[in-house]
Structures are given as structure tokens and as C-alpha cells.
Amino acid sequence: MKVAVLKFPGTNCDEDVLHVLRNVLKVDANIVWHEHFKADSFDAAILPGGFSYGDYLRAGAIAAHSPSVKQLELMDDDCKPILGICNGFQILVEAGLLPGALLLNSTLTFICKWVHLRVEKTDTAFTNLFKTGQVVKMPIAHKEGRFFADERTLKRISERIVLRYCDENGRVTEEYNPNGSTENIAGICDKDGNIVGLMPHPERASEKILSGNFPDGLLMFKSMLKWMRENE
Amino acid sequence: MSSLSPEELEDIRRRLGREPSEIELGMFDVMWSEHCSYKSSKKVLKMLPTKAPYVIVGPGQDAGMVEIGDEIVIAMKIESHNHPSAIEPYNGAATGVGGIVRDILCMGAKPIALLDSLRFGNPAKSHVKWLVKGVVSGIADYGNCIGVPTVAGDIEFDDSFERNCLVNVCCIGVCRKKSIVPSIARNPGDLVIVVGNTTGRDGLHGASFASKTLTEESEEERSAVQVGNPFMEKLLIDATLEAIKTGYVTGLKDLGGGGLTCALTEMSTAGNVGMDVDISKLHLREPLTPYEILLSESQERMLFIVDPKGVKKVTAVFDKYGLQYSIIGKVTKERKLIVRFKGRVIVEIDPAHIVKAPVLDREAKKPSYISEAQAPIKYKMPKFSDLPKVILRLLSSPNVASKEWIYRQYDHEVGVRTVVRPGEGDAAVLRIFEGKLGVAIKSDCNSHHMYLDPYVGCMEATAEACRNVACVGGRPIAVVDGCNFGNPENPEIFWQFREAIRGLSDFLGEFGIPCIGGNVSFYNEDEVTGKAVKPTVMVVALGVVKDVEKAKTMSLKEDGNYILVIGETFNELGGSEYLRVIHGIHHGKPPTVNPKLEKRTVNCILELIDRNLVEAVHDCSHGGLAIALAEMCIKGARGATIDIAKVPAQCESFDQILFSETNARVIIEAAPSKLKDVKNILNTYKLKHEVIGKVCSSEYFKLCLNNRVAEIGIDEMQDAYSKALEKTLFSKG
Amino acid sequence: MKKFRVEVILKCKMAARDPEGETIRENLLLVHGFKNVESIRTGKYLEFIVKANDVEEAMKEVYRALNELRIFNPVIHELKVSVE
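Chains as they are written, first to last, in the working numbering: chain A, 1 to 232; chain B, 233 to 965; chain C, 966 to 1049.
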């Protein structure tokens, strides 16, 4: 089982994700330059966070034209797991693999802090080891993380919301919405549940030394392995 | 227009044996500017201890380097970008980050963390608000984009910085000893390659701009302000580290102050070799004259010296990242810099002439304000029952209040190394993926104390930085210093500089650690008002953390635990936040510094942490004991009951005990089961200490003295502390 | 008083770099065959609806806001103001 960690010009969190996969989970994983990425060489793909192309024009807008997107579409045809973290989420959205848009935070500033999230959907490639309603903790670090979808899109994707910002008891309120995302949406998936995009950084919450006693992020990567094993 | 003095021009004529050409004059002008040559400061800086067995690279190259473990090396450097930030805060600060990161990168080290040390005027003023917001977003946008976490910093507000803000940025990087790439050209035949941004007219004479004071006209100075491209910088970082892995990169230098001139002359002089380059081969943004090419300070450019056998492998890396590059020439045997333009020789000179700028002997004179500063302090002591009000006011004052508004805008976790984050402990702690090894880093300087007494103030800055690093579990092993002063041609300013460096040297000498680099920024003075900034030496201490899992934070952890203060408190209110904020008194003798005591305290703290005997650690600084305790309560969201009478002190009143900023004091939280062992160790180190209270589950911070109790709600303190800065910056005015 | 629509475009000065414009051109347009596009400059667009007695007054009010509130930074910006 091989996992590709995609790297675009400007991607920053590739080594962080690789560290969790290789050193914590002991999974066969490689950082793959976006132009060299081939779908049939890998069983899963992760698009890490960062500032591809400096976030110029719009975050993820230029990377969405990468030849790797075609390869990701092929992976999707085979229902292979694809995770977009932060900038990776932005790229998937710009590439049309996930719906909606990610806009400037309502605070107009970059926000780096830990937040609570409620797991809304557990039949996806990255949340199958969680319980519905489970409250997890992960950090966010972004300036353009405000998820937006119009009324029509929201109706269409109502069953595809994976994570919502909430308080420590799982209450989804405006006070605990850090960036003004529509309906506190922090992560969504595609119709088959194999493509997931989220703004928080699970790779930064995968080890006790960073996460305290609950490395919730690790469970997302373990879920991916479970999905891969079951779909082999 | 040249800024060289008649004596310097005469010196140049003598060295060359003739008149310099226009281009050569431009090269001398920029290289002999204060910013590039350190001509005013070199003599004084010789005082600093710079050696230790673990110092791999001392001051002089692009960054200092120390070995902290098995072949593992940390690179560290500090730089200032004061003048550009005062004019265009966003880009000035952003390009400051870019420059310092490249300095670390060009030693072959991977940049892993940034610190920002800032000084601004009164944040209630609109001009200052503009500067603060611009600088913070400049640092945030650039640092976040390149994926280097900004993990710590230091910020103070004082009227003297109103027009002349200070923006000092420190960067640390990590690499293996065998991967170090020197900033030296060594092998004749090696190729000289410029990589990165196209060279343009931006930033012409930026270095000499930094060597002048600001005037009204400066606001329009267009060619001196550069715009940063963090995307290009990120590509440079990735490409450089990958190119180094090929093994064919023999020398590296970033193009910063002084541009190509600086890189070519310094690299060849350091290696005692020459270079033959044709600058018409350089990739340009727009048509430039040879003069402009040599002096441009366009950002995001690096100079690579490459073994010709591996040039294809190296340039393949540049191509992969889409970076433009130009092979402009080669290294030669004789120490001579030959610069051609379209084949024709336009400069032929011994580069050492340009690099070895004459060192000046500036006059120093003790300023008259120093004795005024020592005048006795008279004020009306507050009532004990007013303590809550006093403490809340201090908690919301700019120099004490939480800086959360700032560090929330910095990605301080990218790289997954950050184990102790901003606001959590006295210093930042990063793991370096080598077993349990980590580094701790913090910058400190009390500019007001340094103004009142530069010698003691600089000793204090160093003491504080080292103490802070120890409080999280890091053994301080080296410092870099960012010096910021007014006009050195003014003997009173130069006296401040000399005294500060003397303080730094004396402290380091007694404490036993070296200074491995630094930066000097002069001319931070408003030409119109003649006001100079308060002398500020940002001391950044680097500590080695043996086991990152043992790193400590300052939040109170558990009810029932004891709170102890280590160190004795003296009547040293001079220059304190308490006197300034509550009583409007700014003069006074700042607190004394005892290097040997600081060393003992540091060693003791490290042992306590190593043996897991303490739950929380926090040192006392701005605002004194009361504020340090309040901060521990706020962070832990827990109350504490403190008996002021128990504090080991030689004071006459409760406010002296609570608000003196006496040095060498640390507060620790210890579990009852460990108290005996803690006390034994404190006694072994012969440190004054006392249990002064307990952590308690009430929602109050209680201060007791004899029969009186003053209590403040934790929520109220949290509110005052965390919202103050944002409130001030966004208020009307 | 009438209402005037004042359009303000803040462009990066020629002397200052525009990394965003450069990147959009080099990494997006050139890569996808738009070889005839020589340069791209980015900027900010602001539309002001201003109450004033005449065009001059409306323009004056906008210029005052741009300068006093430092919306326009002459060190790096070029200004284009049009009104209808």
C-alpha cells in the first residue's frame, strides 16, 4: 500500500504529513512532485497544506491547473482515498473535485489556533474510525478558510458535511466558528466519501507531544488505511 | 551622490593608487556604508566573547553555527529592517524576514523558526497603529507563505520609537555538520551562478539608505523600498536544500544589503581567490546599467558557487522549481575581481580593498540624562485594597498585556516541531527530530532599563533571555544580539552603544557562553525632532533541550500544588512598568544584575525540570512578581492564594515586593509529594526560596498580607490581559 | 446633494514589484499558451458611492479618504480615479 503526498510549488506541509505516515504509522509513503504524479503508482493521495503558487490569484487557483489533477480524477474513478488538507482542500475545490469555495476569513487575518470539531459523517475514507457526533481537537492555520456555498449547493451537499467547528461539548455555535464558514463547515467530502477536504491540520494533531492525550488527527490517517485495506 | 567622507575617499585613492571609477565609487559607497561595513561598531564588538568548543562558525559569515549534538548543528542570525519598515511597514518587515531566512539557508541549513523583536511608539496613536498592523501582517504573510513558523518574539511600546520603529528578525536553522556550505569561494574553476528573482532597479542604495536618518522626504523614496515575493523565496529554500544534496555546491551566499557587489567581493576575499564575471549575462527585470546591476538589492536572489562537474545536476534542480538562473562567470586563482559587461572589462580590483573598510574610532561621552535618571523616586503608595485595580491596569498596559493578537496571525506550528507555543511558556521549544533533542529560543530586551543604564540594561537583557530559555528546559549555549541605536556620530549615543556591548560582554564572560553573531543598526533617529530611539539590544538566547517531553510551560496545573518563588526581591522599582504606568514616573535606577547568581539559578531550574520535580515555571520580568503570578493563573485558568509576607525580600512596602523587576527570580509550581526534593535541590544551589502560596480551585487570585486580602477574579484578569492590545490597536485615534 | 460613483484602482507602481502579477503570468498564462500576454499587474478596486454637490466635491472627498487614512500608499501605489 503506497501513499502519495503531493507537492506543488509552494507546498509547505508535505514533510509534516510524510513524517506522520512514515514515522508514526510506518506506512510506505513518498513526497511526489506534482508533475511526476501517476495515479496507478499509488493507492491513496494526500494534498498537504501550504501556499501553492503563493496563494496568488486565489488560494489553490493556479495549482488546480496542474497535470496532477487529471491523475487525481483517475484515482477517484477507482474510489481511492484522496485527502485535501488546508491548501490541499483549496486546490480540490478550485479543481472542481469538491464543491463550494474557500474565502478570506471573516476576521480578515490569518488565524493559528486549536479548535474543536464535531464529526458529522463517518462513512468516508478518513473518518470511518470515529463515532458520529464525536468531538475532536485539531489546529487551524489559515487566512482563506471561510467555507462558502450558495443555498442550492448547500442543499445538494447536506449529506456530505464531514466536520463542523464547535465548542468543547460539540455545540455548533457562531461563537465557536473561527472564520465565518457557512454552517460552521470545516470539512466536506464528495458523493462517494473517498475524497475529503478539511481546513484543520490533522498531521499537527497526530502525536501526543503536540496533541496532549488525544492525537485525534492520527485517527484520520488510520481511517484511510482501513479504507485502503477494505477496498483492496 | 556618495556618502563617503573625504578621509575615506583619500583612503580609497591610496589603496587603488588612482582615482576610483564611477562604478567602483558606487561599490565602495555601499560596502563602506554603516549597514554593510560596521565601521562604527567593529572596534567595540571586539569585546564580545565569541568562542566555545561547540561553536562551528562564529561571527563574520552569514550566520553563526553551534553544534548541539551528534553532528547536529544549529545556525542562528539576527537582522534588522528598521528604516524600510518605518516607511512601508508591510514590505519592510516582509523583506526583513526574507533576508534573514536566506542568511540561514545559505549556510546549508534548513530554516526552522523565526522570532520577531519589535519596538513601536504609543499604540494609541494612529501612525503607530498603521506601523504595527503593517509590520505584523508583513511578517505573518511572508513567514506563513514560506512555511517557517514564527514561534517567539518580543515587543515593547515607547514614545522614542514612534517615527523609528524597530523590526529585528531572528532565524534559526538546522543541518548536519557535513552539510554546512560556507559563504566562501574557494576553488578556481568553480562556476558563479545567480539564482532567483530577476534583478531590477528596486532597492538601489538600500544599504546606504539604512545608514541615514529619516526625513519628511523619505516617505516618497521609491527606489529604496522593495516588495517581497515569498513564493519565490519558498522555491529558493526548497531548491537550495535539494541542490546542496547533489554535493556540487561549494559555496553559497544570499544577495542582500549591497547586492551582487557584496556577494562577489566578500566571497572572494574570504576564500582569498578572485572572480571573473560578466554581469550582462544576469537575468534582468528591465534594462539596467552595469552600475545598477552591481548595486541592485532586488530580493530573493542567491549566489551559488558550483563545481563545474555537477553544474547540470544543480541547474536541473533550479529548472524543476521553475527558478531562473544565470551562470555569470567563474572563480579564479588570483585575488582579483574582474567584472565585465558584454565581454568588456569595467571593473578590475582587489576585492579585499572593498571588503576591508576602514574602522572608525568614534567618540563616546556619558549623556547628562543618566544622572537625572538616578534621581530619587517619590510617589504616593496605593492602598492595599487598590491592588486589584493596580494589577488589572498593569495587565492591560501595552508592555505587559498578552501579545496573542499578534501571534495568532503567525503560523507557529508548521513543520510540526513546535512543542511549546507562543504564550505557553517563557520561550519557544522546538523538537528537531533527533531522538528527544530540542532547542529553546527567546529574545529579550527592556529598552527602558537600557536607556536608564545601558551597561546594566544589556546585562539584564542577556540574563533574561538565558533565564527564559532555562525556564522551559533549555540550557543556554549561545546568543546573537540585535543592536539598535541612534546616530553613532553623536558621542552620547555612541557611549550608549559601547556601554551596552560592555554589559553584554561582561555578562557572557561570567555566564560562560559565546556570542555567535549579531547585527548593528545605527541612525534610528528622527532627523526633524532629533529624537533617537531608546538604546535596544535584542538578545536572543538559544538553549539545548535534552528531552522535549520534559519541556515546561507557565500555566498552573493542579489545585493543591505549592507555589514557590526562587530568588530574593529587592527594592528596585526604578524603570518598572508599575512606576511608569501607575505613577507616571519614568526615571530610576534599573534592577541590578548578578551573572553568577543567574548562572546558578539557571542550572538549578534545569535540574528541577530534568528531574520532573516542577509542574510550571515562569520567570519574573515586566510588572514583577504580581504580574508573573497573575499570568500563571490566567494561562492555567486557576486561582492561587499568595502570602506576600512569605516572599524572600529586602523591601519596605508591599508594592516594592510585588512590582520590583528584580532579576534572577523564578516562580515554580510543585506538587506536595515533590516539595521536599525541590527544597533540597534549591538548598544545594544555595538559592533563596520560599513557599509563598498554593494553587486553589477558587476563581480568584488572592494576595494576602497579614490580615488583609486583595482578590481579583481570574476571568476579569483574563479579559484585561488578552483583549487589551487588540482594543488599543482598533480604537479611535 | 447628488450621489456620485467614484471608482478607485490602486495599482502597484512600475518601480515596485508585483509578485502576484508576475506569478499569474509566468505560472498560469505562459504555461497554458498565452504567450502574447506581456505583463500582468494586480491591484485593488474600490467603488465609493459619495454624496456631494458636484463631481469636484465627490473627488475631493475620496482623495482625502485615500490619503488621510493611508488607503493609498504613494510609496508603492499608483492611483486611477474615475467618477460618474
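The hints are simulated quantities; they were obtained by calculation from the structure and are not laboratory data.
As the structure is a computational prediction, the values presented were derived from the model and not from experiment.
Misleading hints may appear alongside valid ones.
[Unchecked claim] When the alpha-carbon atoms are kept at most 30 Å apart in a straight line, the in silico DSS-like pairs for lysine-lysine are as follows:
1. Lys113(A) to Lys361(B)
2. Lys26(A) to Lys778(B)
3. Lys562(B) to Lys113(A)
4. Lys342(B) to Lys477(B)
5. Lys208(A) to Lys789(B)
6. Lys562(B) to Lys541(B)
7. Lys208(A) to Lys906(B)
8. Lys588(B) to Lys26(A)
9. Lys1045(C) to Lys964(B)
10. Lys934(B) to Lys778(B)
11. Lys964(B) to Lys113(A)
Verification of the supplied hints:
no.: 1; hint: Lys113(A) to Lys361(B); result: holds, 24 Å
no.: 2; hint: Lys26(A) to Lys778(B); result: holds, 25 Å
no.: 3; hint: Lys562(B) to Lys113(A); result: violated, 49 Å
no.: 4; hint: Lys342(B) to Lys477(B); result: holds, 12 Å
no.: 5; hint: Lys208(A) to Lys789(B); result: holds, 18 Å
no.: 6; hint: Lys562(B) to Lys541(B); result: holds, 13 Å
no.: 7; hint: Lys208(A) to Lys906(B); result: holds, 25 Å
no.: 8; hint: Lys588(B) to Lys26(A); result: violated, 54 Å
no.: 9; hint: Lys1045(C) to Lys964(B); result: holds, 29 Å
no.: 10; hint: Lys934(B) to Lys778(B); result: violated, 36 Å
no.: 11; hint: Lys964(B) to Lys113(A); result: holds, 28 Å
Hints 3, 8 and 10 from the list above are not met by this structure, while the remaining hints are.
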